[in-house]
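Asker: Produce the entire structure from the sequences given, and follow the hints as far as they go.
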Amino acid sequence: MNGFTRLLFLSIALAAVSCNDRFTSVTLADAPVVPGTGTWIPFVGDDFEDTSWGFTHNHPKSSRENDEQTRFPRGWSTNGRFFEGPERGQPDSMEVVPLHGQGLPGSEHGLLVRTLNSGIPGRHSYKVEQDDLIVDCVTRLGGPIPVSEVPNVVARIYLPPAEAWENRYGPHFGFRGTTTTTVTKTNPASGRGRFRSRSTTTTELEPYWPGMWVHFRPQATSDGGAAQTAFIKVRGNRLGHDFLVKEIPELGTWWTLGMSFTGDGMVHYYAKQGVEDLTEQDYLTSQYPYGFRAQKFETFFFNFCNKDDGKTWSTPIVIDDPQLFLVHANRVNSIVRNKEAAIERQAQMRAR
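In terms of the working numbering, the sequence shown opens at residue 42 and continues consecutively.
Think of the hints as simulated: they come from the structure by calculation, not from any bench. It is possible that part of the hints are untrue.
[As the list claims (entries may be wrong)] Label pairs and their in silico Cβ distance ranges:
#, residue 1, residue 2, range
1, Ala382, Gly281, 36 to 46 Å
2, Arg391, Arg239, 51 to 61 Å
3, Asn99, His165, 18 to 28 Å
4, Ala261, Trp81, 50 to 60 Å
5, His100, Glu149, 22 to 32 Å
6, Asn208, Trp81, 32 to 42 Å
7, Pro187, Glu245, 13 to 23 Å
8, Gly281, Ser375, 34 to 44 Å
9, Ser189, Asn278, 44 to 54 Å
10, Asn208, Ala230, 46 to 56 Å
11, Phe113, Arg391, 24 to 34 Å
[Unchecked claim] In silico BS3-like pairs for lysine-lysine, Cα to Cα no more than 25 Å straight-line:
#, residue 1, residue 2
12, Lys274, Lys168
13, Lys352, Lys168
14, Lys274, Lys313
All values derive from a computational prediction rather than experimental measurement. Quick reminder that beta carbons are idealized off the backbone N, C-alpha and C, glycines included.
Answerer: Set out below in structure tokens:
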């Protein structure tokens, strides 16, 4: 970020007042943290260099978002690092593929992902639906991460040439996080007359899912968008609305996407073409999505969208090296050491 942008950010932060009733004072926001900062936690994420990588689907998928059905057992990757999303289910096709010298230096393989039946199992909505591939952070790290530890995530993404995209305007791929906060909700009074109860308030855990969406333009648009191009939208602003932050004029390219979560509850978004590490120059925006201030980070995940008609596959996307970093990593590193020691003991017992 240049000096003018940093000054502008701080000016906006000084004027920011949360929509949440819990935050009524004007506060100075934390400075954005470039994703990739701090200690890398290799106990989560993957480099996809194990060519025996597989996924146990355990069909039918979950579709809780559409019909309130979470179907167990959920699907898991064979290395235990990814799982099926309970809201929408997992993508139908996941395959480790060679990168042929593309991607990160030294990286020989990535994960090619597509989906077909993205809606309710056994039915087709003929609308755009999505499936989720979720990085297992909560189980492997023993619980969510306070944002005071400044979690930040990075992934490399290959966006194929325009002719390989599903021929549809709108979102095709998402890179997102799961965060939680607490909200105070008012329960209205009930009953009548002398039997009427007073309104009450409750404090509840509120999950939400900030992130970035890659949209495709098959045709030129009236706002000047060129045909056969893509763009990135951020989710979201204080009202929860997605908004455009960056054009992707050239497809058939690698991109590096990242998000960081700072102690003030703000989410910071970064993106650049190529596979090089993110820098301050790749800053896109900082937001309190939905007016919430994040308190804990649970995990990050990928969305794959298509028209749910039983015959149209989603755009083929390659993901590589999804990584979690922590600015303050002592607590999590201790958990990881204990878990790795337990895994080693179990392996020794099995070998006897």
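Asker: Indicate, hint by hint, whether the structure satisfies it.
Answerer: Results for each hint:
| no. | hint | in the structure |
| --- | --- | --- |
| 1 | Ala382 / Gly281: 36 to 46 Å | holds, 43 Å |
| 2 | Arg391 / Arg239: 51 to 61 Å | holds, 60 Å |
| 3 | Asn99 / His165: 18 to 28 Å | holds, 21 Å |
| 4 | Ala261 / Trp81: 50 to 60 Å | violated, 42 Å |
| 5 | His100 / Glu149: 22 to 32 Å | holds, 31 Å |
| 6 | Asn208 / Trp81: 32 to 42 Å | holds, 39 Å |
| 7 | Pro187 / Glu245: 13 to 23 Å | holds, 18 Å |
| 8 | Gly281 / Ser375: 34 to 44 Å | holds, 36 Å |
| 9 | Ser189 / Asn278: 44 to 54 Å | violated, 24 Å |
| 10 | Asn208 / Ala230: 46 to 56 Å | holds, 53 Å |
| 11 | Phe113 / Arg391: 24 to 34 Å | holds, 27 Å |
| 12 | Lys274 / Lys168 | holds, 20 Å |
| 13 | Lys352 / Lys168 | holds, 13 Å |
| 14 | Lys274 / Lys313 | holds, 14 Å |
In this structure, the hints that do not hold are numbers 4 and 9, in rising order.
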